[in-house]
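Got chain H; can you put chain X on it based on the hints?
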Amino acid sequence: MTRGGPEAPVLAVAGLAKAFGGVAAVAEVSFAVARGEMLALIGPNGAGKSTCFNILSGQIRPDRGAVYLNGESVTGLSSRAIWRRGVGRTFQITATFASMTVRENVQMALISHHRRVWRFLRPARHYFAAEADALLAPVGMQDQAERAAGELAYGDLKRLELAIALANAPRLLLMDEPTAGMAPAERGGLMALTRRLASERAIAVLFTEHDMDVVFGVADRILVLDRGRLIAAGSGAEIRANPEVRAVYLGSGATSGGH
Amino acid sequence: MVGGGQLLLSLLTGLADAAGLFFVASGLTVIFGVTRVVNFAHGSLTMLGAYCGWSLISRLPPTPLGFALGTLATMVLLAVIGAGLEIGLLRRVYRAPELFQLLATFGVVLMTQDIVQWLWGVEDLALRRPPWLRAFVRLGGARFPRFDLIVIALFPLVFLLLWLVFTRTRWGRLVRAATEDREMVAALGVDQRLLFTSVFALGAALAGLGGVLMLPDASANLGMDLTTVTDAFVVVVVGGLGSLPGAAAASLLIGLLQAFGIMLVPRATLALVFVVMAVVLVLRPNGLLGRPPGRGGVLGEVRALVRPAPHVLRWLGLAALILAALAPLLLGPYALAVGTEMLIAMLFAASLHFMMGPGGMVSFGHAAWFGIGAYASAFAVHLLAAPMPVGLLLAPLAAGLIAALFGAFVVRLSGVYLAMLTLAFAQITWAIAFQWVDLTGGDNGILGVWPARLVAGPRGFYWLALTLAVAGTLGLRAVLAAPFGYTLRGGRDSRVRAEAIGLPVTAIQLTAFALSAAAAGLAGGLYAYAKGSVFPTYISLGHSVDALLMVLLGGVATMSGPILGALAYTGLYDVLLSATSLWRLALGAAIIVLVLAAPEGIAGGALKLWQRRRPA
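First to last, the protein sequences are chains H and X.
Per this note's numbering, residue 1 is the first one in the first sequence, and the count goes up by one each step.
Per this note's numbering, residue 1 is the first one in the second sequence, and the count goes up by one each step.
All the given hints hold, so there is nothing to weed out.
Examples of chain H residues lying across from chain X (beta carbon under 8 Å, computed):
(1) T96
(2) A109
(3) S112
(4) A124
Simulated from the structure, these hints should not be mistaken for laboratory data.
All C-beta atoms, glycine included, are put in the ideal place defined by N, C-alpha and C.
The following block holds chain H by itself, in its conformation from the complex (with noise of 0.2 Å):
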């Protein structure tokens, strides 16, 4: 499976390109993801992060370019084949199934991972419901079991959907604005949380993310796009120091901590 050796990065992106109507979303951007690294994807609004993650997870097919998991080149998969890959995903505005339970939720990623779509018979509930319990506790939504995902508040949604994105033992984790939405105080627990399944699972973390604190509290490395081109890599000291990228900044009216 791995043909690029045990040495290749879990995600690797070259020379991506995605125009619409002629205007480049996304144009020439390469980087790559090491297993257990925490990778930042920043830039103002329009920037194309949004674009660069659907091609990430599979819903656009992107003009030119490559992606590689783990050395293999996933580019153009379907969202569906790109998750039997290992790459799990949560969304800037949250997405569940609002009428099941928080534990049926997880179950159906598991049943999906273990190929148990394609029963008819025996009650869903009897597949995996330990193994997503398991998944609950270290997210902390184990006690919220029972509950209705449709009526959990917002913070919990976004924990629901990291034990929902850790089913399938992914070594990727795609997150969009993972704490959008929530109050700050929040903010910096989800990210701990991320941080340390990330690491205790070698899972490797891709995140968009507006919040400058949470940006450069938690990203081992930050990737800044404007306009479609990656401006600048690096760690966060790097990236504060780079006249470009507070010309862009600055520049566009926001501060760091800002919009």
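Same frame as chain H, but now just chain X:
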């Protein structure tokens, strides 16, 4: 050979038809665009327009001026009725899930039928036609009704007028803004209530205009509500929901195709319109000029938590089943025949619930599968001379297989568009059953579909129906509780999430569609043997609406909803039918009261009461 005169005549006939379609459909599309209500009562408003117009114009001098005044007065009257309907009923259900708004408008359809029959009687009412209405013009050797030329001229006139109102007035701009983004308009502090009421009034006035203008060429009759609303829905969907230019373009397309279709393929006329709609929806899933629906899908926003039945309910169900199994020892043949019908209705409703509840795919044409099952059994008897078990096996098999093929197109759509494609398929199936006389016997149906001797008596057949209907219904429930059913529900709750965890949503939906059709087919096969005959009415829109009513009455969000709904609907129907001649009025009123009092349906309402008594 077709001459030039004939072509011109067809062209003009098509344009006149298109104009009639446009008047009604423009009202429907404007109402939908702003309020998002799928107004099944729009045909009833048209029917009211025709009857009110008849009464007014008959009393006015038989001159063009009298006719024009009568038409205007009818439009004003309908605007008032429309506003009343909005204020009295629809305003109270905007927050309810779209499906219950639909149910409420069904209630209005039923009530209006009886009100009109009570006020105007059952006779078709034709307008006395003074000479100016009867006049013809000569066109290249052919004669064409002069009145139809007036109707044709009104088409661009009304379109232009509406266009000006929508683009040049503040009110019109608000309406368009609300069509684009309701929340935004509300956030800007616009009085939504006034806007919605006035839009409804305008839509109703347009329906009234459409109704009046049908009078000179046809008549006011009691069947026009459903035929009109079906046609209007086709136009609105083909044009793109909420799009006025779309409605105009679709009216032209359909009017002309109908006129020329009669010349080219006279045998396929009934199906033609629906074939056009099916083709358009397959090629352009949002209609000709429609845009993809924005946030929040249309139809089927039911997201309540689904729990396994409490133990009490299981025991109650078992008790009911034992009672039902013992019924033949206590009841006479008539009651058993009613019981058999109720059981078949239960399976039919459960099959529709399967796809529209957990599947999120609302069907306006579920009777198609029932009918295909019934005809499959009838063909088994007559063409294959097969015994009953074969007939009962072929029924679900035929419905399921055809659904698997057709479903590939259905599951690509969602919401109202999906519902309308199922309706199109049902109407095409109905037209085949109606017009392919050599095979189906047409309107006369197929007789002599008798059950095997073992179950030929009312008792025997009741037990057979009980076994198969209960097995089918419980089977569907089991599938819904299994991973397959959960996946189906997951795809409805959040397609994005489902695909992000690798669930094959489309394949699951297609399979669910076929399973649902197979169960409906089994119900149809049973019905064929129960009645000993098969008719095209099994596939009619009315029968599809019956199924929808049963499911909605019971409640979409609970698994026992369709069972209760089917029993309540058929029970209510029988009781009302024998108790009062105004049973539709009573049934419609009951439905509306239920929508206002228990928008979760009977089972949902009961569940809520149950939960309130037992704190969590």
